[in-house]
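Spelled out, the chains give:
There are 2 protein chains.
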Amino acid sequence: MDNVLRTLLDGRWADLRERTRKRLGVLEAPPPGVDRERHRDHVLRQLRVLASAGHSGVGFPVRHGGDGDFGGSVVAFEMLGFGDLSLMVKAGVQWGLFGGAVQALGTGQQHERYLREIVELDLLGCFAMTESGHGSDVQHLNTTATYDPDTGEFVVHTPDPSARKDYIGNAARDGRMAVVFAQLVTSGDRHGVHALLVPIREQDGSPRPGVTIEDCGEKAGLNGVDNGRLSFDHVRVPREALLDRYGHVAEDGTYSSPVEGANKRFFTMLGTLVRGRISVAGGALSATKKALTIAIRHGESRRQFARPDGTEVPILDYLAHQRRLLPALATTYALTFAQEELVTELHEVFGGDSDNDQRKRELESHAAGLKAVATWHATRTIQECREACGGAGYLAENELPQLKADTDVFTTFEGDNTVLLQLVAKGLLTGYRDHLGDLDALGMARFVATQLVGAVIERTPVRALLGGDLHDRTWQLKLFTDREEHVLDGLVRRLRKAGEGDAFEVFNNAQDHVLRAARTHVDRIVLEAFVAAIERCPDAATAELLDQVCDLHVLANIEADLAWFLGHGRLTPARAKSVTSAVNRLCAELRPRAGELVEAFGVPMEWITAPIAQR
Amino acid sequence: MDNVLRTLLDGRWADLRERTRKRLGVLEAPPPGVDRERHRDHVLRQLRVLASAGHSGVGFPVRHGGDGDFGGSVVAFEMLGFGDLSLMVKAGVQWGLFGGAVQALGTGQQHERYLREIVELDLLGCFAMTESGHGSDVQHLNTTATYDPDTGEFVVHTPDPSARKDYIGNAARDGRMAVVFAQLVTSGDRHGVHALLVPIREQDGSPRPGVTIEDCGEKAGLNGVDNGRLSFDHVRVPREALLDRYGHVAEDGTYSSPVEGANKRFFTMLGTLVRGRISVAGGALSATKKALTIAIRHGESRRQFARPDGTEVPILDYLAHQRRLLPALATTYALTFAQEELVTELHEVFGGDSDNDQRKRELESHAAGLKAVATWHATRTIQECREACGGAGYLAENELPQLKADTDVFTTFEGDNTVLLQLVAKGLLTGYRDHLGDLDALGMARFVATQLVGAVIERTPVRALLGGDLHDRTWQLKLFTDREEHVLDGLVRRLRKAGEGDAFEVFNNAQDHVLRAARTHVDRIVLEAFVAAIERCPDAATAELLDQVCDLHVLANIEADLAWFLGHGRLTPARAKSVTSAVNRLCAELRPRAGELVEAFGVPMEWITAPIAQR
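If you read the sequences in order, they're chains A and B. If you read the first sequence in the UniProt record's numbering, its first letter stands for residue 1, the second for the next number, and so on. If you read the second sequence in the UniProt record's numbering, its first letter stands for residue 1, the second for the next number, and so on.
No false leads were slipped in.
Just some of the chain A residues that point at chain B, by a computed CB distance under 7 Å:
{"no.": "1", "residue": "Gly-33"}
{"no.": "2", "residue": "Cys-216"}
{"no.": "3", "residue": "Glu-218"}
{"no.": "4", "residue": "Arg-307"}
{"no.": "5", "residue": "Gly-390"}
{"no.": "6", "residue": "Leu-566"}
{"no.": "7", "residue": "Pro-573"}
Just so you know, these hints were derived from the structure itself, not from any lab. For glycine and all other residues, C-beta sits at the position ideal for the given N, C-alpha and C.
Could you put the whole structure together from the sequences, leaning on the hints where they help?
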């Protein structure tokens, strides 16, 4: 059964996963207690090992030295999450963000010139988008790139301290070049944010003239990644430095773009970042799986307090301990299946040359939603695992402190979770592409108030939700769908009603409702992915086990949101109580299976060094 | 108003708090990025500064060089929580645990010989209770202390690896002596756990013969504290090494004790540890206040996204951001007032020579409950603060990573929170002293099933809870009291009904209910403390502000538990919705006051070095 479960979890990219597991066996862990500079050294050396092993090219075109497997590049990243997370993030910066930006925003000659060097690590680079003053609101970056037709160059400039590029991976030490996002100006006209390739260091590693580089210094975790700050003092780069797939500047300074409208262009460019978000969700899940493997193994072997017969009780026999770990384990299964669907969709939408805007929009929304939900799940679950391992969980040797410290920023980078969920909600509210990415929320409330007329949707009658078996999957799906629709309906009504007032205030006063709409939407999608996975499970006994895991996931989700179901007449008080009983019962039933459920994640045991997890 | 708030928060020990704030100004922070060994050095040097400044003696008797202010010793510890938390914990180990054990479990001659040396730091020591195999279940420690009447010595021995003393502060480097908890054996009879003073190192720092010392190595945080492991191979100590207030061994090996029954004796000794738990709650609150000060100041100055008029919005203007921080701020006020009451009660019960068992029992229960609730609050709030500060919150320079890493073990040490809440619940269930500390839960279910007849309690009729103003304090108090009583009633009924089965299973199957009973009990006590604080507030405008803060605390608590109130007919669905609206409204109303509310905590600004918190 172990193999069936593993195969199901490994999914479409099972071969690549197995190859990466073997590759992880060749990598070296950073020495315990290593300091920051040596950790950075170590990570760079391991990065070279990965490049030599062919790990770096998965997502790049075959003719530039890659495998041409766009979805696979996410899987390859995600699998690194079983090892040193600094290495995973550094790989993501180099090949996913820097290389990915050149690939997605650049064109033929730029690909020819740079991609192979990037894949083979002859050129290390940065993805310089975030500024000290603008993190979430990247549409309003202040760095400028002004075209000078006299010399045929762009002048890249940091006009004030808030425009300094900040938290940039690869910047403090290793990067030689940066993809710099800046407001493009030609002939006095602004064309919005564009990306340019700007060399930042000489071959000897010293900063190039006009470039100031600072080190972000010690972070909570991920200290093997050299995050830094970049400022530009009228730095000149040739016209060819502009990554010009979505915006081109002719020699005379004439601007042209295949995408009309600065706003739409901006979000088209940003859309190419969707892979980064999906990758972070995957990496967060890998770290969560590792933490759960450690905590469950500890819970099975650690004993405390005796039964009446004198035998001491494994702590995982305690209901409170099961409740800490098993619903989180079940939800990790759910999110893994949702992640697999998302990667597949990414692969199909961006891997080919499809230009289906509707699918892209949905993909972006799902990516934003799953990134937020998966990274919060990681933060909470790893915290729970730490506490569930008591004092042992606080020791570095048991790995949970590093997992916690390294993953803590996942809720922030590649899009702050709160901002991402608003993006999801706005997608739900409008379905209108031009408003999709309108991160600043303004105009949205007004738009909703004046234009959205609330489509009449075929609804499940509430009475159909009231009875029946809590374990009935059809009922569960209906319940999740109904919740999502009802929350969204309520939000639309609320925004319309308040639509007369100040648009900012209207939207802001409903922000809790907005986040909730997004959350319930993601919950439904995740559940559907779990159901689909059970349906494709080839083995009856495994499917039965997964049915229980899915029930635990669903019922724990309902229990956490009981107030809503009770308050909206979806559950009677008696039925609400039975949800809690069912969660308790499922915990007891799945407790003997917990070991095999974490085993199936396939975290390579050489990367689980925690003494408390050994047998 | 600032001063009125500060004075109210500073409470009975305001002078000592002010003195300690000044003292913190003299202390030095560990250098950024300091490694473990140098951090330990640094902390030891700062500990000596504290001792010279008279900080160490607060809780010790005047005739041994102290101030005789038992409650004050908790305050002195807690105030160190604004500085380096490693120093706070090291001070707690040396003076609170090690010194406190000698003081509480020892007698005259032992006090004469050791207390002054401990206060003045001429003798550094450990509190060696926890073993690798027994952390929560300390009644079943395996270390033995066997009396040898031929030599008049005790033989202290570690019979197996699980009996190794673990996580012991001061053990890895600085401690010269340890209070070792061991099963006392004389003439072949076991008398339960007792404490002995065992020298562990020579003057030159090398381990004494028969003593093996290991280093716990790197931890998630608190790396300035030298936690280690101690094993004893038939180490002999004189008869006078037994701390003999609660158990005496005569020269011929005859055992005597003023407390009858090994069980009661054990819990009497353990009762002396109550100060440690209260101290941890206080330290957790100090760290929380520091984190909130940083996050609120950042939220006031950091701007992101623009209003329609083009001005960028301070992130604390966003409802979602307010919801992250302001209810947590309100609850920090509530817990601070509850902590003040608890310290006062400790001071009166243990500071004098009172021997009121009922008061002691209640104090122990309240200490256990508040420790659990305050430390979980700290863990959650500091996490929220980190995320609320985005990428900046992940940088070491902004202090939140260290606060998070240092406080993470607070939910574990001085009693695992889950175990502590069970202790509270058992106190509620029985009120019978002998069963109070019965941590192993066995017999409890049987006892409840067979003996507890469920006192008839005058209850608030449910209909009295249904209407009225959500901000009515009397209603709020009734609601909390009613919830506590109803949950406890339900638990008793559930245990009685199931009482026929296996006692372990019965209790275990109700564990979620048990924890809930404890939690609702603590919530009621905390609210009462808040109400009392408002009543003693001398200034009408300040009282009005505190009224709002209290409303936010209460309504956020109700909102988090809406499922219960709805499911038990305490709130109608419409009223439940109005709770959420009221929380939103209070967030908006208190947002302009957030700055002064954190200012009033009085965290010394020289200990807030985070660039994002500067003005």
